[in-house]
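Since the structure of chain A is provided, determine the placement of chain B on it from the hints.
Listed below are the residues making up each chain.
2 protein chains.
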Amino acid sequence: MNPSSKTPTSIGHHWLIEIYGIQTSHLEKKADVQKALNGAVKAAKATKVSENFHQFDPFGVSGVIVIEESHFTIHTWPEYGYAAIDFFTCGVSIDCQKAVDYLKEVFQAKEVEVQYFKRGNLAKAKSYFIEK
Amino acid sequence: MNPSSKTPTSIGHHWLIEIYGIQTSHLEKKADVQKALNGAVKAAKATKVSENFHQFDPFGVSGVIVIEESHFTIHTWPEYGYAAIDFFTCGVSIDCQKAVDYLKEVFQAKEVEVQYFKRGNLAKAKSYFIEK
Numbered sequence: 154m155n156p157s158s159k160t161p162t163s164i165g166h167h168w169l170i171e172i173y174g175i176q177t178s179h180l181e182k183k184a185d186v187q188k189a190l191n192g193a194v195k196a197a198k199a200t201k202v203s204e205n206f207h208q209f210d211p212f213g214v215s216g217v218i219v220i221e222e223s224h225f226t227i228h229t230w231p232e233y234g235y236a237a238i239d240f241f242t243c244g245v246s247i248d249c250q251k252a253v254d255y256l257k258e259v260f261q262a263k264e265v266e267v268q269y270f271k272r273g274n275l276a277k278a279k280s281y282f283i284e285k
Numbered sequence: 154m155n156p157s158s159k160t161p162t163s164i165g166h167h168w169l170i171e172i173y174g175i176q177t178s179h180l181e182k183k184a185d186v187q188k189a190l191n192g193a194v195k196a197a198k199a200t201k202v203s204e205n206f207h208q209f210d211p212f213g214v215s216g217v218i219v220i221e222e223s224h225f226t227i228h229t230w231p232e233y234g235y236a237a238i239d240f241f242t243c244g245v246s247i248d249c250q251k252a253v254d255y256l257k258e259v260f261q262a263k264e265v266e267v268q269y270f271k272r273g274n275l276a277k278a279k280s281y282f283i284e285k
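Those protein sequences? They're chains A and B, same order as listed. Counted the way this note's numbering counts, the first sequence spans residues 154 to 285. Counted the way this note's numbering counts, the second sequence spans residues 154 to 285.
Chain A with its partners taken away, still in its complex shape:
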């Protein structure tokens, strides 16, 4: 699932991940969700820079981990047994498939959907490039 091209055509890589069929109790508490997303960062061998998690009332947790290679985010809807997760990376050294597998396991999820998108067309960016 990681981009395999040796000649990059995009600046970033973005995985949009939908996880369904999660027991409510896994998604309710900030500490549990924070632990899960930190585990995903470790599984991907990404390098954490900072993190920020927020408990919503009455439901759900939002969390962001800024990594050297961009970001991991999570939003949980315990009332639907659903979590929306994003991995945004630059470079090809991050193993996002391992992070997806880790989250599926830790959440004991019924279904995981992953969509991959290239972010930033490198040739286009260079064509517009404006020095300061």
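Read the hints as simulated data drawn from the structure, not as lab findings. Glycine included, every Cβ here is placed at the ideal spot set by N, Cα and C. Hints are not guaranteed to be accurate.
To be verified - A few chain A positions that, by computed beta-carbon distances, are all more than 10 Å from chain B:
(1) Thr162
(2) Ala184
(3) Lys195
(4) Val245
(5) Lys251
(6) Tyr255
(7) Lys257
To be verified - Below, in silico cross-link-like pairs of lysine-lysine (DSS-like), each with a Cα-Cα straight-line distance of 25 Å or less:
(8) A:Lys201 to B:Lys182
(9) B:Lys182 to A:Lys279
(10) B:Lys279 to A:Lys257
(11) B:Lys277 to A:Lys263
(12) B:Lys277 to A:Lys182
(13) A:Lys183 to B:Lys201
Below, chain B alone, put in the same frame as chain A:
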């Protein structure tokens, strides 16, 4: 550009935004990038919960603003005059088009590409729903 359906079929809404042709000087300093993304949150009438910005050496800034309605993120590549921005929201009260227009203006950008994705199929989430 905001979802107009009164009967929601998705749990979240996600805008992936590529901004090209930005003068390097707009993208280099944490303070400038932080001010721009906070302006976008205000333009969208979103409610900020917390924020976290990081200056990379030698190039670029990563920033995240957690909002009541999910998150806004930005990553800048001053060496390419490019910024990757995400708006993830739930609910339909956030005006993401205004936030896009604001960023295009503040960055004096040459080109903006926006892709919209629904996040989380509500019917599927409900079909799997597992009480604790």
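Here is how each hint holds up against the structure:
1. Thr162: Nearest chain B Cβ is 13 Å from Thr162 of chain A, so the label holds.
2. Ala184: holds (16 Å)
3. Lys195: At roughly 19 Å from the nearest Cβ of chain B, Lys195 of chain A sits farther out than 10 Å, so the non-interface label holds.
4. Val245: holds (16 Å)
5. Lys251: holds (22 Å)
6. Tyr255: holds (20 Å)
7. Lys257: Correct as stated: the minimum Cβ-Cβ distance to chain B is 13 Å, above 10 Å.
8. A:Lys201 to B:Lys182: holds (21 Å)
9. B:Lys182 to A:Lys279: holds (20 Å)
10. B:Lys279 to A:Lys257: Between Lys279 of chain B and Lys257 of chain A the Cα gap is close to 18 Å, so the pair holds against 25 Å.
11. B:Lys277 to A:Lys263: Holds: Lys277 of chain B and Lys263 of chain A sit about 11 Å apart, inside 25 Å.
12. B:Lys277 to A:Lys182: Cα-Cα ~23 Å, so holds.
13. A:Lys183 to B:Lys201: Holds - the C-alpha atoms of Lys201 of chain B and Lys183 of chain A are around 18 Å apart, at most 25 Å.
When the structure is compared with the earlier hints, no violation turns up for any of them.
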